[in-house]
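Full structure from sequences and hints, please.
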Amino acid sequence: MGEGIVAAAFIQAFQNLLDPGLLFFMFLGIFIGLAVGLLPAIGGLVPMAMVLPYMFLLKPLQGLPLIITISAVGYQGGSMTAILLNIPGTEPNAATLIDGFPMTRKGEAARAIGAALVSSTLGGFLAVILALVMVPILLHIVMMITSAEMVFVVLLGISFISVLAERSMIKGLISGMLGLLISLIGYQAVTGIPRFTFGTMFLYDGLGLVPVIVGLFAVPEAIVLASTGTTIAQVETKLAGMQQVLQGVKDVFRHWWLFLRSMLIGYVVGIIPGIGGAVAPFVSYGHAKTSSKNPEKFGTGCVEGVIAPESANNAVLGGSLLTTLAIGLPGSAGMAILLGAFVLQGLVPGPRMLTDHLDLSLTLLLVGALTNIIAGGICFGIIPHISKIARVPARILFPLILVIALTGTFFYRQEIGDVVIAVGFSLVGLILRNFGYSRPALLLGFVLGTLFEKYLFISLGVGGPLFFFRPISMALIVIIISVIWVGILQGRRAKKA
Amino acid sequence: MKRIACALCFSVLVTAIFLSVQGKVAAESVADFYKKKPVTLVVTYGPGGGTDTAARIMASEWRNVTGGRMIIRNITGAGGIRGMNHMFRAKPDGRTLGYTDSASSLLGAVFFETPGIQFDARKFVYLAINAVVPNGIGISPRLSANSIQDLQKIEGLKFGSHAVDSQAACSALTIEIFGLKNARIVTGFGGMEEEGLALARGEIDAYSNSMHSMTDHIDKKFVKRVVLVYSDKRSSWFPDTPLPTELAELTPEQKRMFTIVASLKSAKPIFAPPGLSRDKTDFLRDAFSKIFNAKGYNEKMKVRFPIMGSDFYLSPAEWSKTVEEALSIPRTERDAFINVVKKYAM
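Protein chains in written order, with the working numbering: chain A, 31 to 527; chain B, 2 to 347.
Don't take each hint at face value.
Claimed, not checked - Just some of the chain A residues that point at chain B, by a computed CB distance under 8 Å:
| id | residue |
| --- | --- |
| 1 | Ala79 |
| 2 | Thr176 |
| 3 | Tyr217 |
| 4 | Ala219 |
| 5 | Ile488 |
Simulated from the structure, these hints should not be mistaken for laboratory data.
Since we're looking at a predicted model, the values are computed, not measured.
No residue lacks a Cβ here, since even glycine has one placed at the ideal position from N, Cα and C.
And the structure:
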């Protein structure tokens with residue numbers, strides 16, 4: 031493609047950004063995305079599906095920015111509820127609550143949200159810029175990562191189970207294994223056998239991520255809050271709301287190298303179709319902990335534990351958006367909806383998008399970048415106010431959390447069964463919490479178990495038992511062994527201390 | 002006598018006028034019903050996919066044809082079976098219609114006995130069928146082969162599939178008919194896009210897919226070419242691609258398997274729960290027929306389904322016959338075929 035054509039497409043894309051119609055729908059998308067992101071557990075998929083019928087009524091430069099914006103800003107709103115209430119707004123915000131909620135308990139809610147927003151905003155922005163640069167080599171990367179590599183990418187994530195263990199490594203591993211076991215629930219397509227479904231259709235697709243997260247984290251914390259009768263924030267801090275927010279912003283720049291690495295992890299995971307956005311934040315979190323000089327602080331309200339997952343979760347979007355546009359491969363459910371929106375607009379994402387509709391593709395990527403900045407700015411204005419929720423007495427907050435969490439769980443798939451699952455997992459969460467078992471490790475095992483099994487089956491079918499004798503797979507095996515080794519060393523060091 | 006004949010003629014005339022007026026009133030009342038009451042189209046897959054997109058295109062044309070409103074509701078789960086079960090139990094009041102893909106959730110699911118099925122595919126009232134295309138065999142761009150004869154020279158070919166399903170059946174029959182040495186089917190792929198990508202990466206050498214998906218995959222350079230079409234007639238979209246029956250002399254057993262595979266083609270039926278009244282059935286069939294002929298509908302559908310309007314059109318009656326025939330295949334034959342598919346699938 032000639033440089034002149036690319037330059038002309040860029041100029042056209044920037045001109046498109048000034049179109050009043052596009053700006054209106056971009057701001058509408060920001061509003062919807064943030065509002066729904068703030069409603070815990072509902073996530074970005076529901077509003078994306080809701081605007082799908084309107085695609086016929088809108089022009090491509092109106093409808094597509096609307097749906098991309100909703101998808102892009104959902105994570106930003108979602109981090110707030112993860113930090114404040116221990117309920118992630120969207121699935122990829124789940125890793126944020128590991129350190130975000132303890133920060134709230136320490137009275138540092140505004141600082142955590144400030145760090146989360148800057149990480150998320152800049153992560154999303156840079157990932158989109160990176161996407162523009164990566165277009166020429168994207169296809170090569172996607173072609174290099176086969177099912178064999180996917181097995182080890184997922185295994186790398188699973189190896190972080192040992193890292194996520196808060197106190198006892200054995201307890202962490204037990205929790206992780208329990209998560210893997212739970213992930214086995216459902217219909218196994220390869221063998222054709224339904225597992226642990228007890229004859230109910232509801233369990234054929236396995237347990238939903240949202241009811242499991244709500245049950246494991248939100249409800250047990252609400253119960254503990256009610257039983258103590260205090261507020262979420264248990265420590266009075268000297269810093270006022272805005273000062274804390276600025277401190278959170280500074281934290282991101284202080285840990286810029288961690289931010290950059292986490293963003294890249296999210297971006298790469300986003301590019302590869304099939305892994306999904308929920309994995310990258312956990313991998314980034316595990317990476318942050320293993321590479322930290324003070325790993326023992328993770329899980330107790332450490333700002334690096336917020337920066338890492340939040341830098342990754344929005345960066346996933348930049349990567350997956352590019353794969354969807356340039357190859358026509360949706361890497362997640364959200365991107366599948368986006369793909370549908372393109373078709374309803376009369377466009378087919380794929381290699382031709384970058385030749386026949388280069389200006390539109392660039393416009394959409396720029397919309398993704400700009401949206402992150404605008405939404406981040408809006409959120410900054412409300413942090414000092416919204417973080418006051420941590421000071422609300424338990425008698426008001428407990429029923430509120432319970433209603434919001436369980437209603438959100440219902441709206442996730444409009445299934446009452448999900449609410450039942452959430453209630454059941456509340457009991458599991460309470461037991462794990464009281465006996466010091468790692469809930470994040472269980473969650474990670476649950477998220478990755480299905481993916482691991484799937485890619486293992488395919489890899490064995492394609493390459494036989496020695497499927498891993500490939501350069502990238504071998505390199506990943508070395509990294510996995512290093513992660514486990516570092517985990518063991520950290521465990522020993524913590525024991526000695 | 003003359004008087005009796007006159008009286009008889011008069012009464013026949015009066016009856017005819019009365020019946021025609023009644024019919025018109027009834028037709029008008031059904032039309033009014035659909036103008037006033039919104040219809041829910043239950044899609045058995047999630048938003049954004051091919052079936053969902055086609056449903057939304059139909060919904061956008063519904064208002065132009067009936068003056069009413071059509072709402073899309075995605076009831077997903079268990080590969081579409083949950084939505085199908087929901088439709089089987091739904092009230093046959095004409096306000097709840099279903100839309101699915103036959104190869105995976107209807108005939109395919111029933112044929113391969115997907116667990117959890119609580120519906121009888123024969124009892125649904127079929128209103129219209131669109132996006133009907135046969136399945137075919139596509140090969141990887143990394144293969145030097147260009148035809149089924151070239152494939153016969155390669156040992157250990159790997160076909161990709163989601164599970165032991167209608168697509169795997171197509172691959173298994175290809176291996177069986179053409180005696181592809183040590184060929185096998187790798188199952189577990191998450192869907193047609195994953196299979197396409199695996200083909201492009203060279204993880205698998207060939208796959209079976211609907212002609213719609215393969216057209217898209219050829220465009221994306223995931224598929225080098227289609228080497229076989231499973232149908233009883235050639236597709237005008239792939240006129241040079243042969244049928245299995247043109248290349249090989251099928252044994253009686255293989256002929257029966259071919260009939261099964263051909264019936265498990267990709268088709269998207271619109272249907273109502275069992276027991277829908279005749280007047281509403283007629284009205285809905287007519288409405289969907291008008292939608293299918295609408296210019297806007299065809300233009301929009303062609304974006305996602307470029308080989309629409311090809312020579313594989315089926316009327317509701319023909320589709321009902323296909324369902325009836327596919328499901329009346331004796332159990333022994335069905336089991337024998339499933340065992341052949343399982344023999345190659347791993």
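Each hint tested on the structure:
1. Ala79: With Cβ-Cβ at 4 Å, under 8 Å, it holds.
2. Thr176: Where the cut-off is 8 Å and the nearest Cβ of chain B is about 5 Å from Thr176 (chain A), the hint holds.
3. Tyr217: holds (6 Å)
4. Ala219: Given a least distance of 4 Å, the restraint on Ala219 (chain A) holds.
5. Ile488: holds (5 Å)
Every hint from the earlier list agrees with this structure, and none is contradicted.
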